[in-house]
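If you read the protein sequences in the order shown, they are chains A and B.
Letter 375 of the first sequence, counting from 1, is numbered 451 in the numbering used here, and no numbers are missing.
Letter 61 of the second sequence, counting from 1, is numbered 100 in the numbering used here, and no numbers are missing.
Check before you lean on any hint, since a few could be wrong.
Unchecked claim - Taking lysine-lysine and the DSS-like style, the derived pairs with C-alpha atoms no more than 30 Å apart in a straight line are:
(1) B/48 / B/105
(2) A/518 / B/164
(3) B/48 / A/521
(4) A/84 / B/55
What the hints assert, rightly or not - Covered stretches of chain B (chain A as the covering partner; in silico rule of three or more C-beta atoms under 8 Å from a C-beta of chain A):
(5) 116–127
(6) 135–142
(7) 154–166
These aren't lab readings, by the way, just hints derived from the structure by calculation.
Glycine is no exception: its CB is placed at the ideal position from the N, C-alpha and C atoms.
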Amino acid sequence: MRLADIGKMCIDNLKRRKGRTILTVLGVFIGCTSIVVMVSIGAGMKESQDKMLAEMGDLSIIEVSQGMNENGTQSKLDDAAVKSFREMDGVAAVMPKVSMDEFSVSMKAGINDRYKCDWGSIVGVDTSVMADMGFELTEGEFPAKGLNQAVGGQFLAYNFVDSLMPEGRNQVDRWSAYDENGKPTELPDPFFDILKTPITLELSTGDTNQTPYKKTLNISGTLKEDYGKGWETSEGVIMNIEDLKNMISEIKGTSAAKFSYSQVLVKAADISKVADIESSIKSMGYYTYSMQSMRESMEKSARQVQLMLGGLGAISLFVAAIGITNTMIMSISERTREIGIMKALGCYVRDIRLLFLMEAGTIGLLGGIIGLIFSLLISVGINLFAMGAMGGGGITAQTVLQALIGGEEVSRVSAISPGLMLFAIVFSVFVGLVSGYYPANKAVKIPALEAIKHE
Amino acid sequence: MGEELLRQKPVIQVQKLRKEYIMGEERVVALKNINLSINRGEICCIFGTSGSGKSTLLNQLAGLEKPTRGRVLIGGVPVSSLDENGLAAFRQRHVGFVFQSYNLLPELTAVENVAMPLMFRGVPKDIREREAKKMLCRVGLHNRMNHFPGQMSGGQQQRAGIARAFITRPDIVFADEPTGNLDSKTTKEVMEMIRKFARTFHQTIVLVSHDPEMTEYADRIVTLVDGEIISDVKTENYCKGETR
């Protein structure tokens, strides 16, 4: 038989018992909708997690700090260690970091040191590889060595207090305006332009008898905040490591012969290598931290939630599958004679099997399509509600589109990806075919003799 | 030519056929030991009362049931040992059926019903429906083409059934009490029609009936009682040489 003829017969048969077909399709539709909506909520969770992680920082960076060896001694973060990290497979760049944590730091800026900051985090890195490490500038350029230059964190300027203003009005609050996601909507201008104002550092060892060591730096640029590369990218100061070493030796009056780094940043060439590199550094006896390891655990829990939600939805689809089987068995017992006639007139067994599988598959397909359409409507509805469009903003074509496909500035509760759409349809058809398998084989076994039996 | 030879040859051969049914605890012998040979172009009536085993014999001949013992050869092919696929292919090529209760599919029109055997063969819709319309014209249903079986009388339905049986130009047409549900006038029409087709295309007809009237249309009458052939006679039709 031609496929088109089988298809037409299949449609005719489904039309013949409209009520029953509609009810069975309804079952599949409910099952499909519940799976898609459940999975989409899991996907929405994952989407907002990913977004959060992406905002937090570079996923390919591993922070390494001192730790304990197997034999109980401190593993030193010295030049030898840096060299061994650099030689590891998959490492793109290594950046040792020296901090000035042992000193108390304050900063001043402006005419007559009008702007003050009582604390500061100052680190030294190899500024020539900052770009390779993936540091991003919001303004200006990376500092050069030996020119008393440094880069500031993105929000460094907001740490300064205006000493000429009364308490309460002497600070610019960068959190003054933010949306419900906690993101600032509009950044107020700080008191001064940090790129045009030299900053004077005051460093002291804590010994009050000693006059603080002073150093004036020009801020050559501001970095984009990225916690994966260190907190300094937000509110600290980063300068060239050699300049910093010289500064320390000047204060201490000793030579900078042997340095132990406070931290080393290791950048992997590819995100997939991060886990391997991290574990081998760990085995050398260092503490490590990376966004990747955090992401993995978050992803794992998101996957579990998604599976659980999907499983809940699957129960209703399973019930629908039983419905399809039941409908098909009933239909076959009604059509026993018809099948017998078809066989007596020379219809191949495989055509009969195909006909019944097609009927069951069509029920699945219809349920899947309707279920998907309905799921999309539900998903958009939930998202619009979550985005607050119901309350104030109103529903525009743009918000509907964002609810449907997502966007940079929205976080969705329910996300239906094209993959999920395809899965919904394919899976519904698959459920139909599986449910129809047993009835189809039952139909095939009906003998041609049925045609000859007298009523 | 060769066709002549082929006509002489028995198209159906039944050898030592036995069929038993298990009914509960009991074993019922429906056919005892049937040996029969039907030639090409013959109109053979298997005659008997109900319970004589005539329907069982037809089922065996058409390959609808497997025999307990013995075999059925059609054109030399042992139908009794063909598998489902072989049987389907065999039926498509060589066999047509006319049923007592017509067995037209109620949701198909007359044309679609008649075209059905061609559909199973994979003939495209336009070709098979053109053919079906020709057949319907031949059986006098030119004004019933797009009627559904429920909208036709018994005689009309059986004529459509005949059109369906002959549309593939089968070698053999099996007819199971084809006029069992028809009045005597319609019976005459239907039987004449079957005979006309059979003669035109040199087809073999195996007819099962308990109606003595049928014998008028047959060349040969095989009478069955209790699963055995008790008589096998050639009628006047046969003697008239209408067959050859």
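Hint check:
1. About 24 Å separates the Cα atoms of residue 48 of chain B and residue 105 of chain B, which keeps this hinted pair within 30 Å; it holds.
2. For a cut-off of 30 Å, the pair hint linking residue 518 of chain A to residue 164 of chain B stands: about 29 Å separates their Cα positions.
3. The straight-line distance between the Cα atoms of residue 48 of chain B and residue 521 of chain A is roughly 35 Å, outside the 30 Å bound, and the hint therefore fails.
4. Annotation: proposed proximity of residue 84 of chain A to residue 55 of chain B is violated, straight-line Cα distance about 45 Å (limit 30 Å).
5. By the rule of at least three residues with a Cβ nearer than 8 Å to a Cβ of chain A, the coverage given for the stretch 116–127 of chain B holds, with 4 such residues.
6. Counting residues of the stretch 135–142 of chain B whose beta-carbon sits less than 8 Å from any beta-carbon of chain A gives 5, enough to reach three: the coverage restraint holds.
7. With a cut-off of 8 Å between beta carbons, the stretch 154–166 of chain B has 8 residues touching chain A; three or more are needed, and the interface restraint holds.
Against the hints set out earlier in the document, violations occur for numbers 3 and 4.
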